[in-house]
Amino acid sequence: MTIIKYSWRNIWRNRRRSIITIASVFFAVFFCVLMLSFSNGVWNHVIDQTLRTQSGHVQIHLKGYWKDQVTDNFMEMDPATIAAIENIGEVAYTSPRLETFALASTEKITKPCALAGIDPVRENRMSSLASHVVDGKYLTPNDDGILVGKTLSEYMHLSVGDTLALIGQGYHGANAAALFPVKGVVQLPIPEMDSRFIYASLPKAQEFISFPDGESGLLITLKNERKLDDAVNRIREKVDTSRYEILPWTVTMDKLLNQASSDKAFSHIIMFILYVIVGFGILSTFIMLANERRHEFALLVSLGMRRGRLVKSLLVELTAMTFLGVLAAVLVTVPIVLYFHYHPIALTGNLADTMLQYGMEGVLPMDSSPMVWISQICIIVVITCIMAIYPVRKILNLEIDKAIKQ
Amino acid sequence: MKKLLIVICFAAMAMAAKSQEPDATEIVKKADANLRGNSLYSEMKMTIVRPTWKREVGFKSWSKGDDYALILITAPAKDKGQAFLKRQKDLWNWQPTIDRMIKMSSSVMGQSWMGSDFTNDDLVKQSSAVNDYTHALEKTEQVREYDCYKVVLIPKENAAVVWGKVIMWISKADYVEVKSEFYDEEGKLINTIDGYDIQSYGSRKLPSRMEVIPADKPNQKTVMTVIRNDFDIPMDESFFSQQNMKAAK
Numbered sequence: 001m002t003i004i005k006y007s008w009r010n011i012w013r014n015r016r017r018s019i020i021t022i023a024s025v026f027f028a029v030f031f032c033v034l035m036l037s038f039s040n041g042v043w044n045h046v047i048d049q050t051l052r053t054q055s056g057h058v059q060i061h062l063k064g065y066w067k068d069q070v071t072d073n074f075m076e077m078d079p080a081t082i083a084a085i086e087n088i089g090e091v092a093y094t095s096p097r098l099e100t101f102a103l104a105s106t107e108k109i110t111k112p113c114a115l116a117g118i119d120p121v122r123e124n125r126m127s128s129l130a131s132h133v134v135d136g137k138y139l140t141p142n143d144d145g146i147l148v149g150k151t152l153s154e155y156m157h158l159s160v161g162d163t164l165a166l167i168g169q170g171y172h173g174a175n176a177a178a179l180f181p182v183k184g185v186v187q188l189p190i191p192e193m194d195s196r197f198i199y200a201s202l203p204k205a206q207e208f209i210s211f212p213d214g215e216s217g218l219l220i221t222l223k224n225e226r227k228l229d230d231a232v233n234r235i236r237e238k239v240d241t242s243r244y245e246i247l248p249w250t251v252t253m254d255k256l257l258n259q260a261s262s263d264k265a266f267s268h269i270i271m272f273i274l275y276v277i278v279g280f281g282i283l284s285t286f287i288m289l290a291n292e293r294r295h296e297f298a299l300l301v302s303l304g305m306r307r308g309r310l311v312k313s314l315l316v317e318l319t320a321m322t323f324l325g326v327l328a329a330v331l332v333t334v335p336i337v338l339y340f341h342y343h344p345i346a347l348t349g350n351l352a353d354t355m356l357q358y359g360m361e362g363v364l365p366m367d368s369s370p371m372v373w374i375s376q377i378c379i380i381v382v383i384t385c386i387m388a389i390y391p392v393r394k395i396l397n398l399e400i401d402k403a404i405k406q
Numbered sequence: 407m408k409k410l411l412i413v414i415c416f417a418a419m420a421m422a423a424k425s426q427e428p429d430a431t432e433i434v435k436k437a438d439a440n441l442r443g444n445s446l447y448s449e450m451k452m453t454i455v456r457p458t459w460k461r462e463v464g465f466k467s468w469s470k471g472d473d474y475a476l477i478l479i480t481a482p483a484k485d486k487g488q489a490f491l492k493r494q495k496d497l498w499n500w501q502p503t504i505d506r507m508i509k510m511s512s513s514v515m516g517q518s519w520m521g522s523d524f525t526n527d528d529l530v531k532q533s534s535a536v537n538d539y540t541h542a543l544e545k546t547e548q549v550r551e552y553d554c555y556k557v558v559l560i561p562k563e564n565a566a567v568v569w570g571k572v573i574m575w576i577s578k579a580d581y582v583e584v585k586s587e588f589y590d591e592e593g594k595l596i597n598t599i600d601g602y603d604i605q606s607y608g609s610r611k612l613p614s615r616m617e618v619i620p621a622d623k624p625n626q627k628t629v630m631t632v633i634r635n636d637f638d639i640p641m642d643e644s645f646f647s648q649q650n651m652k653a654a655k
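These protein sequence lines map, in sequence, to chains A and B. Residue numbering for the first sequence follows our numbering, beginning at 1 and increasing consecutively. Residue numbering for the second sequence follows our numbering, beginning at 407 and increasing consecutively.
For reference, chain A alone in the conformation it holds in the complex (with noise of 0.2 Å):
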């Protein structure tokens, strides 16, 4: 207790010097804290957003689909097993897919796209579709129309009302070719689909691809995506797995979750080089400390203090300093992750459109879960911990006669 006592008065007795280091402690937190949360929080939008809108958290196919993705492996799924896999505890929603290719022409324009086939009404308790529309309709269950992201509305001219052709590849050899009417235009948060999707009604496509009941694949959100392995399991003792391939996204979004690796392995690149600086910004601050109470030290253990009581008070005093640093910190942090995680960061003009060519929606949200701070306070209490070294040795080599004559 008189440790703690005497600890907490030197700190005070020097209130300038404590406060440097008490601030360098502060901004290393500070500065790692915002910057994992911006990193975590953009990939962990774009990976949302993909998986919602896409991919699912989970897919289910046709063995063989996810190598060969041709219409001549579709599925049919019976609805009893697709009523067991609704009912598994971790399951949100399913929505079946027929994703397949397709030219879509105008009389002058012709572009290849994306068509889905979507149960409107599936579909929209996943993704929120009908939200997305921003000109015209959303589809109806049996719909014979068409919506098409808003990019590529732009690009064809197309306007709800208008007719447009699709050629694709029918199951079995078949011929795809039919007329769609434009029901609506909806912008979708990926660039990349809002400039090629098409949706259709499950049984519009259907006929497209003369495939009644086929389907590409069933994708499943989950409520937790925390419990992905969990339900994985779960989903697979309910569906003949000699039939079907069981996907999670980790398989299926491959291509996005090495992006996210790199890309986050850059932003790691980086904050080492910050916990560089902000390390030595502490180890400065205690080499002063340890160089300006050599004298007291010294004069300490003279008058018969033992140095390991000594070098006791000394690591009390860090580390009171160094806790007070990171609760500024957080105090400081929390609301402002917070407030940019429920308002993100819209971009506009150049940056907007830069982001946009690698495939991200222009809006910046920060990652407001725990682990950020806790990884980030571990991180900055062990550099700390490694830089109170310096003052500790300080102490137990201090040469005693040497440093009280200064």
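Keep in mind that the hints were calculated from the coordinates and are not lab data. Hints should not be assumed to be uniformly reliable.
[To be verified] Straight-line distance between alpha carbons at most 20 Å, and here's what the computed PhoX-like set of lysine-lysine pairs gives:
{"id": "1", "chain 1": "B", "residue 1": "K495", "chain 2": "A", "residue 2": "K108"}
{"id": "2", "chain 1": "B", "residue 1": "K509", "chain 2": "B", "residue 2": "K652"}
{"id": "3", "chain 1": "B", "residue 1": "K594", "chain 2": "B", "residue 2": "K627"}
{"id": "4", "chain 1": "B", "residue 1": "K652", "chain 2": "B", "residue 2": "K466"}
{"id": "5", "chain 1": "B", "residue 1": "K486", "chain 2": "B", "residue 2": "K652"}
{"id": "6", "chain 1": "A", "residue 1": "K312", "chain 2": "A", "residue 2": "K5"}
{"id": "7", "chain 1": "B", "residue 1": "K484", "chain 2": "A", "residue 2": "K204"}
{"id": "8", "chain 1": "A", "residue 1": "K111", "chain 2": "B", "residue 2": "K509"}
{"id": "9", "chain 1": "A", "residue 1": "K67", "chain 2": "B", "residue 2": "K623"}
{"id": "10", "chain 1": "B", "residue 1": "K486", "chain 2": "B", "residue 2": "K509"}
{"id": "11", "chain 1": "A", "residue 1": "K223", "chain 2": "A", "residue 2": "K238"}
{"id": "12", "chain 1": "B", "residue 1": "K623", "chain 2": "A", "residue 2": "K63"}
{"id": "13", "chain 1": "A", "residue 1": "K137", "chain 2": "A", "residue 2": "K204"}
{"id": "14", "chain 1": "B", "residue 1": "K460", "chain 2": "B", "residue 2": "K627"}
{"id": "15", "chain 1": "A", "residue 1": "K204", "chain 2": "A", "residue 2": "K223"}
[Unchecked claim] Facing chain B, according to a computed beta carbon distance under 7 Å, are these residues of chain A, among others:
{"id": "16", "residue": "A83"}
{"id": "17", "residue": "H172"}
{"id": "18", "residue": "G173"}
{"id": "19", "residue": "N175"}
{"id": "20", "residue": "A177"}
{"id": "21", "residue": "A178"}
{"id": "22", "residue": "L179"}
Yeah, the Cβ is synthetic: ideal placement off N, Cα and C, and Gly gets one too.
Starting from the known structure of chain A, fit chain B onto it as the hints suggest.
Here is chain B on its own, set in the frame of chain A:
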């Protein structure tokens, strides 16, 4: 003496006959003449056989020489009315359901035609077995019930031919190709075509059923069955037009 003369005569004739091995080029020419006419109208049924499914496509075709052809799909119902037109090296596809005439670009020429083991290229590219290859008679061989000449065809140096080697089995009796094997430039077998059920069409004899078997895809083949073949009926070049693709019946 007279008797002896007759015997010598016979012997000489026999020897002459023996030494007069049939010329490989001659064999191919005769087989080719069986195939080719000035014009041809035919009705066919194409059965596409895959390990897990089967599909039948019916079509009518008109052709004149090597340069002009028009194919009209008659079945299944969904594809009915679709037409293909070949004029020299160009191929068009008429899609009545979307009211579009599509010029088939070089990028789709390698793709399967109507889901079969033929590519679009096969419809357009016509190499002449007579003019584009050198021929060598290897031996005579029995293929199923037919006694055949086995002829090896090697493409001439500047002939526009995709194959590295073609082997044909041509029946001795009717000069009909009952089997052909197509090899790539590395000598790997790509396709085998078997001809079955030889029938007479006017003065010609042709297999009425042909099976195309790709070598690298097990349990997969395309069977062409001839329903009708009318050779040398008068046809005008102007028949092979885009307007006529839409009107053909």
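Quick rundown of the hints versus the structure:
1. K495/B to K108/A: Violated. K495/B to K108/A sits at ~25 Å, over the 20 Å cutoff.
2. K509/B to K652/B: At roughly 14 Å apart (the allowed maximum being 20 Å), K652/B and K509/B satisfy the hint.
3. K594/B to K627/B: Holds, at about 18 Å.
4. K652/B to K466/B: 14 Å, holds
5. K486/B to K652/B: Given that 20 Å is the threshold and the Cα spacing comes to 12 Å, the pair holds.
6. K312/A to K5/A: At roughly 12 Å apart (the allowed maximum being 20 Å), K5/A and K312/A satisfy the hint.
7. K484/B to K204/A: Satisfied, since the Cα-Cα distance of roughly 14 Å is no more than 20 Å.
8. K111/A to K509/B: 15 Å, holds
9. K67/A to K623/B: Status holds; Cα separation ~17 Å.
10. K486/B to K509/B: Cα-Cα ~19 Å, so holds.
11. K223/A to K238/A: 18 Å, holds
12. K623/B to K63/A: The given pair, whose Cα atoms are some 18 Å apart, holds under the 20 Å limit.
13. K137/A to K204/A: The hint holds at about 17 Å.
14. K460/B to K627/B: 10 Å, holds
15. K204/A to K223/A: 30 Å, violated
16. A83: The hint is violated - A83/A has no Cβ within 7 Å of chain B, the shortest such distance being about 27 Å.
17. H172: Holds: closest Cβ of chain B sits about 5 Å from H172/A, inside 7 Å.
18. G173: Holds. Min distance 2 Å.
19. N175: Where the cut-off is 7 Å and the nearest Cβ of chain B is about 4 Å from N175/A, the hint holds.
20. A177: OK, holds: A177/A within 7 Å of chain B, min 5 Å.
21. A178: 6 Å, holds
22. L179: At 5 Å from the nearest chain B Cβ, L179/A passes the 7 Å test, so the hint holds.
Violated hints, in rising order: 1, 15, 16; the structure is consistent with all others.
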